[in-house]
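Got two chains here, each in a separate frame; can you build the complex from them with the hints?
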Amino acid sequence: MDWKEASRYLKKVKYNCPYPFRKKLIPELQGALEDFLDENPDGTMVELVAHFGVPETFGYNYISAMEDAERQRWIKQSRQVKGIVLAVVATCVFTVAVWVGCNIWWNSEHAIRSYEVWVEYDDTGERIQALE
Amino acid sequence: MALSEGIKRGTVELLVLTLLRDGDMYGYQISQELATRSNGLYTLAESSLYPTLYRLLEKKVISDRQEKVGKRRTRVYYHLEEEGREYLEALRAEYCQITRGIFYLLEIADVDALGKGGVDGSEDG
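In the order they appear, the protein sequences are chains A and B.
Mind the numbering: the first sequence is residues 1203 to 1334 in our numbering, read in order.
Mind the numbering: the second sequence is residues 2 to 126 in our numbering, read in order.
One chain only, chain B, in its complex shape (with noise of 0.2 Å):
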C-alpha cells in the first residue's frame, strides 16, 4: 500500500536511530528487532534498511566496524554515536509533533483506539 511505503520511507531513520540507541547492532538484527519490535507490524526489506544506514553514515550520526563471526563471515556493527543521539532527538520530536497534527485531524484521541479502527477511544458498533 502506497501510505505503509511512504509512512515507512519517512520513518525508517527514527527506527533504526531508536533501535541502535539500546547497542550496536548489525543489517540483520536491526531488521528482525524492528519486526519484533513492533510485534509484527512494521517489516522492513533489506533492500530498504541498507541505502538509510549508508545514509545515517554519510551524516556522521552513526559509524561502523566490522567484526569476523566465524571463520569467513564478517559483520558490519553500526553504533550510534553523540550527533545521532541529538539528531534522532530532533527527528524524534518533529515525529510527535506531525503524528499529533494528524491524529487531531483524523480524531483520534486516543492511541488505543488504532488497534480497534475507532475514533475518539470508541469502538465502532
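In isolation and in its complexed conformation, chain A is listed as follows (with noise of 0.2 Å):
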C-alpha cells in the first residue's frame, strides 16, 4: 500500500469528520498514517481500517469517545453556530428584499417620464401648434 491509498482513507475521515475536529485531528491522523506505512510497508487497505477504524464511521467513533458533558457542549455549541449562521443568512435575505421592494417603489414614484413634443411653426416663425 502507497501513501495515495492512505491520503484517500485520509481524505474519507476528514469528510466524515465534522467540522471543529478537523483542525487538529487531521494532521496528527496524518503522521499516525505515515506511521503506520513506515512499519508495515506492504500493509493493506484491511489492516490499515483494522487498525484505524472505518474511515465513514470515524466522527461518529470521535464522538462516542467524548464524555457525556463534552458532547452536551459541542452540541450545544454547534447549535449556536448554526443559530447565527441562520439569523446572518434571514438577516442578508431581508435586507435584500426590503432594498429591492425600496428600489422598485422609488423607482415607481421619481420615475423620469419621457415626452415627445412637435412643435409646427408657419413661415413667420409664429408657432401655430404643439402636441404632446
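The hints are simulated quantities; they were obtained by calculation from the structure and are not laboratory data.
Be aware that one or more of the hints could be misleading.
[Said to hold, decoys possible] For lysine to aspartate or glutamate, the following DMTMM-like pairs were computed, each having C-alpha atoms within a straight-line distance of at most 20 Å:
1. Lys1226(A) - Asp65(B)
2. Lys1226(A) - Asp25(B)
3. Lys1226(A) - Glu68(B)
4. Lys61(B) - Glu1272(A)
5. Lys1278(A) - Glu1241(A)
6. Lys60(B) - Glu1269(A)
7. Lys1225(A) - Glu68(B)
8. Lys69(B) - Asp1240(A)
9. Lys9(B) - Glu1272(A)
10. Lys9(B) - Glu1241(A)
11. Lys69(B) - Glu1241(A)
12. Lys69(B) - Asp1237(A)
[Claimed, not checked] Have a look at the derived ranges for each label pair, beta carbon to beta carbon:
13. Val1290(A) - Cys97(B): 51 to 57 Å
14. Lys69(B) - Cys1304(A): 54 to 60 Å
15. Val1295(A) - Gly71(B): 17 to 23 Å
[Stated by the list, open to error] A short, non-exhaustive set of chain B residues, derived as facing chain A with CB atoms under 10 Å:
16. Glu6
17. Gln30
18. Gln33
19. Arg76
Keep in mind the model is a prediction, meaning the values are calculated, not measured.
Every residue, glycine too, gets a C-beta built ideally from N, C-alpha and C.
So, in C-alpha cells, the structure goes:
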C-alpha cells in the first residue's frame, strides 16, 4: 500500500469528521498513517482499517468517545453556530428583499417620464401648434 | 460487543495516563503500546484515542509538544504533567475499587481465573 491509498483514507475521514475536530485531528492522523506505512510497507487497506477504524464511522466513533458533558457542550456550540448562521442568512435575505422593494417603489415614484413634442411654426416663425 | 466498548470507554484515560507515566509518547505509539502491553487483548481505534488525548489536554493533566521527524512529518508528543500523576492515582484507586467490587459479585477470587473462564480460581470441567 502506498501513500496515495492512505491519503484516500484520510480524505474519507476528513469528509466524515465534524468540522471543529478536523483542525487538530487530521494532521495528527496523517502522521499516524505515515508511521503505519513505515512499519507496514506491505500492509493492505484491510489492515489499515483494522488499526485505524472504518473511515466512514471515524467521526461517529470520535463523538462517541467524548464524555457526556463534552458532547453536550459540542452539541450546544454547534446549535449556537447554526443559529448564528441562520440569523445572518435571514438578515441578509430580509435586507436584500427590503432593498429591492424600496428600489422598485423609488423608481416608480421618481422615474423620469419622457414626452415627445412636435411644434409646428409658420413661415414667419409664429408657433401654430404643439402636440404632445 | 457493547460491554467491552463500555469498559474501554471507561478505562482509556487510565491506561493512556499509565503509559505516559513511563515516558512521552505520540498517538500512534500509544495505540501500539496498548496492544503490545495487553498482549493484543486491548486494542483501541485511533478514533477513540484522540478525543481522550484532547480531553486530557483540556484538563491540563497532560501537555503536548510538536517534533519534526524527517523532512515534513510532525509528531505530537504527549507528556504527563504533575497534576496528571495525581489524577492518575485517583483514577487508579477508583478503578481498583470498582473492579474489586465486580470481582466479588462475579465470585472471582483469583485474577488468573479470568483467563481460564472459571470462578474461584478453579477450571471448569
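Checking one constraint from the list: CA of Lys1226(A) to CA of Asp25(B), max 20 Å. Satisfied?
holds (19 Å)
Under the criterion that the straight-line Cα-Cα distance not exceed 20 Å, is the pair Lys9(B), Glu1241(A) satisfied?
Violated. Lys9(B) to Glu1241(A) sits at ~25 Å, over the 20 Å cutoff.
Would you mind confirming whether the straight-line C-alpha gap from Lys1226(A) to Glu68(B) stays at or under 20 Å?
At roughly 15 Å apart (the allowed maximum being 20 Å), Glu68(B) and Lys1226(A) satisfy the hint.
Pair hint Lys69(B) and Asp1240(A), alpha-carbon separation not exceeding 20 Å:
Holds: Lys69(B) and Asp1240(A) sit about 16 Å apart, inside 20 Å.
Is the hinted pair Lys60(B) and Glu1269(A) satisfied, with a Cα-Cα distance of at most 20 Å?
holds (12 Å)
Check whether the Cα positions of Lys69(B) and Glu1241(A) lie no farther apart than 20 Å.
OK: Lys69(B) and Glu1241(A) at ~18 Å, within 20 Å.
Assessment of proposed distance window 17 to 23 Å (beta carbons of Val1295(A), Gly71(B)):
Because 51 Å falls outside the window, the suggested range is violated.
Checking one constraint from the list: CA of Lys69(B) to CA of Asp1237(A), max 20 Å. Satisfied?
At roughly 13 Å apart (the allowed maximum being 20 Å), Asp1237(A) and Lys69(B) satisfy the hint.
CB of Val1290(A) to CB of Cys97(B), is that within 51 to 57 Å?
Taking Cβ atoms as reference, Val1290(A) and Cys97(B) lie about 52 Å apart, which means the hint holds.
Sort out whether Asp65(B) lies within 20 Å of Lys1226(A), counting only the CA atoms.
The hint holds at about 12 Å.
Does the closest beta carbon of chain A sit nearer than 10 Å to the beta carbon of Gln33(B)?
holds (8 Å)
Given the proposed pairing of Lys9(B) with Glu1272(A), does the C-alpha separation stay at or below 20 Å?
holds (18 Å)
Checked against the numbered hints above, the structure breaks hints 5, 10 and 15 and satisfies the rest.
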